[in-house]
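Model the full assembly from the supplied sequences, consistent with the hints where possible.
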Amino acid sequence: MLSVKNLKASIDGTEILKGINLDVKAGEVHAIMGPNGSGKSTLAQVIAGRDTYEVTEGSVTYMGKDLLELPPEERAREGIFLAFQYPVEIPGVNNTYFLKAALNAARKHQGLEELDAMDFLMLVREKMKIIQLDEELLHRPVNAGFSGGEKKRNEIFQMAVLDPKLAVLDETDSGLDIDALRTVAEGVNSLRGKDKAIVVVTHYQRLLEHIVPDYVHVLADGRVVRSGGRELALELEKEGYSWVEQQTAGPAETRG
Amino acid sequence: MSRITAAPPAATDFEALHLRIVGEGPDWIREFRTNARSRFVLEGLPHHRMEAWRNTNIAPIVAGLFEPACSTPEISGGGEGVWTGRLSQAPEKILALVRNNLGSLADAEGHPFTALNGSLLNEITLVVLPEGCAAGEPVTIGHTAGPGNSLNVPRTLILAGERAIGTIIETFEGTETEGGYFTSAVTEIFCGKDTDVKYCRVQREAPGSFHIGRVQARVEQGGRLHTAGIALGAALDREDAGVILAGEGASCEMDGLFLTDESRHVDNRTRIVHAVPNCRSRQVYKGILSDRSTAVFVGRVIVRPGAQHTDADQSNPNLLLSDDTTVYTRPQLEIYADDVRCTHGATVGQLDADALFYLRSRGIDPDEAGRLLVKGFAGEILDRIEVPSLRTQLESEVAGKLPVTSGSEG
Ligand SMILES: Nc1ncnc2c1ncn2[C@@H]1O[C@H](COP(=O)(O)OP(=O)(O)OP(=O)(O)O)[C@@H](O)[C@H]1O
Ligand SMILES: [Mg+2]
Numbered sequence: 001m002l003s004v005k006n007l008k009a010s011i012d013g014t015e016i017l018k019g020i021n022l023d024v025k026a027g028e029v030h031a032i033m034g035p036n037g038s039g040k041s042t043l044a045q046v047i048a049g050r051d052t053y054e055v056t057e058g059s060v061t062y063m064g065k066d067l068l069e070l071p072p073e074e075r076a077r078e079g080i081f082l083a084f085q086y087p088v089e090i091p092g093v094n095n096t097y098f099l100k101a102a103l104n105a106a107r108k109h110q111g112l113e114e115l116d117a118m119d120f121l122m123l124v125r126e127k128m129k130i131i132q133l134d135e136e137l138l139h140r141p142v143n144a145g146f147s148g149g150e151k152k153r154n155e156i157f158q159m160a161v162l163d164p165k166l167a168v169l170d171e172t173d174s175g176l177d178i179d180a181l182r183t184v185a186e187g188v189n190s191l192r193g194k195d196k197a198i199v200v201v202t203h204y205q206r207l208l209e210h211i212v213p214d215y216v217h218v219l220a221d222g223r224v225v226r227s228g229g230r231e232l233a234l235e236l237e238k239e240g241y242s243w244v245e246q247q248t249a250g251p252a253e254t255r256g
Numbered sequence: 001m002s003r004i005t006a007a008p009p010a011a012t013d014f015e016a017l018h019l020r021i022v023g024e025g026p027d028w029i030r031e032f033r034t035n036a037r038s039r040f041v042l043e044g045l046p047h048h049r050m051e052a053w054r055n056t057n058i059a060p061i062v063a064g065l066f067e068p069a070c071s072t073p074e075i076s077g078g079g080e081g082v083w084t085g086r087l088s089q090a091p092e093k094i095l096a097l098v099r100n101n102l103g104s105l106a107d108a109e110g111h112p113f114t115a116l117n118g119s120l121l122n123e124i125t126l127v128v129l130p131e132g133c134a135a136g137e138p139v140t141i142g143h144t145a146g147p148g149n150s151l152n153v154p155r156t157l158i159l160a161g162e163r164a165i166g167t168i169i170e171t172f173e174g175t176e177t178e179g180g181y182f183t184s185a186v187t188e189i190f191c192g193k194d195t196d197v198k199y200c201r202v203q204r205e206a207p208g209s210f211h212i213g214r215v216q217a218r219v220e221q222g223g224r225l226h227t228a229g230i231a232l233g234a235a236l237d238r239e240d241a242g243v244i245l246a247g248e249g250a251s252c253e254m255d256g257l258f259l260t261d262e263s264r265h266v267d268n269r270t271r272i273v274h275a276v277p278n279c280r281s282r283q284v285y286k287g288i289l290s291d292r293s294t295a296v297f298v299g300r301v302i303v304r305p306g307a308q309h310t311d312a313d314q315s316n317p318n319l320l321l322s323d324d325t326t327v328y329t330r331p332q333l334e335i336y337a338d339d340v341r342c343t344h345g346a347t348v349g350q351l352d353a354d355a356l357f358y359l360r361s362r363g364i365d366p367d368e369a370g371r372l373l374v375k376g377f378a379g380e381i382l383d384r385i386e387v388p389s390l391r392t393q394l395e396s397e398v399a400g401k402l403p404v405t406s407g408s409e410g
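In order, the protein sequence lines correspond to chains A and B.
Quick note: the first sequence uses the working numbering, first residue 1, plus one each step.
Quick note: the second sequence uses the working numbering, first residue 1, plus one each step.
Hints were generated in silico from the structure; no laboratory data involved.
A few of these clues could be false.
[Unchecked claim] Simulated pairs of lysine to any residue, SDA-like, Cα-Cα distance not exceeding 25 Å:
(1) Lys375/B to Ala144/A
(2) Lys401/B to Pro207/B
(3) Lys375/B to Leu138/A
(4) Lys25/A to Gly13/A
(5) Lys375/B to Lys65/A
(6) Lys65/A to Asp365/B
(7) Lys100/A to Pro207/B
(8) Lys375/B to Tyr86/A
(9) Lys401/B to Pro141/A
(10) Lys375/B to Glu136/A
(11) Lys375/B to Val88/A
(12) Lys194/A to Asp163/A
(13) Lys100/A to Glu368/B
(14) Lys100/A to Pro277/B
(15) Lys100/A to Lys375/B
(16) Lys108/A to Asp367/B
(17) Lys108/A to Gly400/B
(18) Lys375/B to Glu135/A
(19) Lys100/A to Arg391/B
(20) Lys375/B to Gly145/A
(21) Lys100/A to Asp352/B
(22) Lys100/A to Asp261/B
(23) Lys100/A to Ala399/B
(24) Lys100/A to Ala353/B
(25) Lys375/B to Asn104/A
Spelled out as structure tokens, the structure:
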């Protein structure tokens with residue numbers, strides 16, 4: 001579904017991604033872990049199409065398409081969703097209005113009929129139950145004044161409504177209380193399917209108890225330095241990243 | 001036709017105009033005009049070396065040839081207990097009120113255009129909310145300017161007695177699509193004790209026209225005034241809004257929204273006087289600028305000696321949608337009391353790149369994303385307009401005026 005090959009990206013001339021390889025197939029869940037500043041969010045943002053990062057080398061293929069050629073809105077309409085590590089507050093733009101515009105943009109692109117207000121409301125109600133999002137948040141401007149946890153829940157709620165093929169969750173577990181973590185995980189799990197894939201960026205093994213990954217990758221200094229099964233996450237939690245860093249020097253192997 | 005100038009030859013022109021256009025009316029009104037005219041001659045026209053006019057060039061007005069026109073305001077709404085009408089329709093009792101109050105707030109001294117308005121004064125729009133009255137529906141005052149080259153002098157007087165509650169909407173527009181006309185408008189608002197008055201002013205003059213507006217209000221003890229000034233049109237627009245908080249516990253909230261494009265220019269000046277203790281004022285003036293347009297905001301807050309526990313906030317956020325726009329913004333705080341809280345802040349910025357990317361990452365078109373953000377920015381002001389029909393109308397007018405911003409850079 002997603003194939004990242006030797007991806008290099010820089011910002012203001014500083015190289016941040018130094019040759020990433022990642023292969024995600026439909027039906028799989030991948031976890032990406034790694035120390036602060038290692039480039040996890042950069043990778044997520046490059047996949048979503050943020051153009052402040054300059055891709056200097058490599059390729060990203062998604063469902064047979066050259067992803068780097070597409071503007072962010074088209075990537076979204078093709079089924080890519082990024083849950084932001086820091087969801088953006090947008091004062092004055094109503095959450096429901098925004099979500100309806102987003103959903104209908106994707107439906108139109110996919111040749112589906114746009115949802116009217118009634119159908120949209122029904123869909124929203126259904127998804128709200130799964131994510132347990134406070135209805136009041138729907139009527140507020142996007143993320144404006146939301147608590148940290150509410151923002152994260154809102155990301156997952158948007159994901160549930162937009163029903164993407166490839167979801168990239170950037171530290172969606174940070175800042176969530178235990179109950180919220182469980183609901184968010186349930187929301188993510190309800191999205192799993194054999195024609196879908198999920199990439200979770202996290203620092204904590206705890207989330208991975210709920211969302212069980214097929215593969216775990218460790219990112220350090222802009223490279224995938226280690227890949228393995230879910231047990232790698234447990235090892236990391238015990239040993240810390242320095243253990244991986246010591247073990248690895250030079251270009252990394254990947255498999256996903 | 002005559003040029004607007006205070007030089008002697010033009011003064012003679014005005015003499016003739018008086019006879020032809022405004023020669024009638026009761027003695028006191030003739031006297032009012034004569035005094036205003038002397039004031040106008042004395043003041044002279046403002047020029048850019050004067051502090052208050054430094055950023056606004058009125059040369060196009062000075063160069064114009066204008067023909068004074070009669071005011072023909074359309075007045076509707078109000079409901080039971082509210083007296084609305086024109087001076088020419090006013091009964092004796094109302095006339096007495098006008099005579100006692102007209103010009104007492106909007107002093108012409110230092111305000112040449114107020115003097116000009118007074119010197120050509122003909123019709124006056126009157127809104128009287130008697131003591132304890134709760135106006136059932138908003139009063140709407142619509143001014144339509146005369147043809148190109150007309151000089152229009154709308155004048156409005158709003159009197160709210162103790163505990164009166166009411167909403168007044170005043171709009172300025174022109175039928176002349178090319179514009180070219182000049183409107184010099186003055187509105188005075190008296191808010192008595194414990195009143196709750198909302199005043200919304202919409203300037204949607206024709207593109208090539210000139211608008212110089214002045215609103216002057218006074219709020220007595222416990223009274224509340226909310227003003228919203230929405231500026232959408234005119235080639236050159238100058239708005240002076242002044243409020244005197246004259247009794248303890250009085251408050252005013254002033255909202256402003258101005259949209260400029262092409263080479264238009266909007267200059268907003270506020271002046272809030274905290275004359276007594278325990279009053280609160282809040283100002284939020286938002287600007288959305290595109291093309292080569294320019295805007296000025298000068299927010300003046302004066303805290304008189306002894307006006308302790310004054311609480312005054314002021315902010316002027318500006319959104320620049322092109323690289324060629326210019327904004328001059330500055331607060332002027334004059335504080336003569338020590339136990340006060342005064343804040344001010346101005347921002348000048350472009351569309352938030354993070355917000356644009358966030359919207360696009362959800363599948364929304366860059367243009368649509370830009371429009372949503374600008375609408376959101378304006379929405380903070382429009383949402384506070386409590387008349388649903390007006391709010392909806394302004395929302396679509398504002399949306400219609402927004403340039404197609406390309407978010408594709410973000
Ligand atoms: N806009 C930017 N300007 C300058 N440096 C940047 C920018 N964005 C990212 N970086 C740098 O790139 C590196 C990788 O950042 P990134 O956010 O991808 O890390 P991360 O792995 O997600 O870290 P964390 O675990 O703290 O979220 C960091 O050193 C960061 O400072
Ligand atoms: Mg990160």
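What's the verdict on lysine 100/A and lysine 375/B, does the C-alpha distance respect the 25 Å limit or exceed it?
holds, 17 Å
Decide if the proposed pair is consistent with the structure: lysine 100/A and aspartate 352/B, CA atoms, cutoff 25 Å inclusive.
Answer holds: lysine 100/A to aspartate 352/B is near 21 Å, not above 25 Å.
Lysine 100/A and arginine 391/B: Cα distance at most 25 Å?
At roughly 22 Å apart (the allowed maximum being 25 Å), arginine 391/B and lysine 100/A satisfy the hint.
Between the alpha carbons of lysine 375/B and tyrosine 86/A, is the straight-line distance 25 Å or under?
holds, 23 Å
Holds or violated: lysine 100/A with alanine 353/B, Cα cutoff 25 Å?
Measuring from Cα to Cα gives roughly 22 Å; hence the hint holds.
With a cut-off of 25 Å on the C-alpha distance, tell me whether lysine 375/B and glutamate 135/A pass.
With Cα atoms ~23 Å apart, lysine 375/B and glutamate 135/A stay inside 25 Å; holds.
Is the hinted pair lysine 401/B and proline 141/A satisfied, with a Cα-Cα distance of at most 25 Å?
Roughly 22 Å separates the two Cα atoms, so the pair holds.
When you check the alpha-carbon spacing of lysine 375/B and glycine 145/A, does it fall within 25 Å?
Holds: lysine 375/B and glycine 145/A sit about 19 Å apart, inside 25 Å.
Is the Cα-Cα distance between lysine 375/B and valine 88/A 25 Å or less?
holds, 17 Å
Mind checking the alpha carbons of lysine 100/A and proline 207/B for me, to see if they're no more than 25 Å apart?
violated, 36 Å
Pair hint outcome, lysine 100/A versus aspartate 261/B [Cα-Cα no greater than 25 Å]
violated, 30 Å
Taking only the CA atoms, is the gap from lysine 375/B to lysine 65/A under or equal to 25 Å?
Violated: lysine 375/B and lysine 65/A sit about 35 Å apart, past 25 Å.
Checked against the numbered hints listed earlier, the structure breaks hints 4, 5, 7, 14 and 22; every other hint is satisfied.
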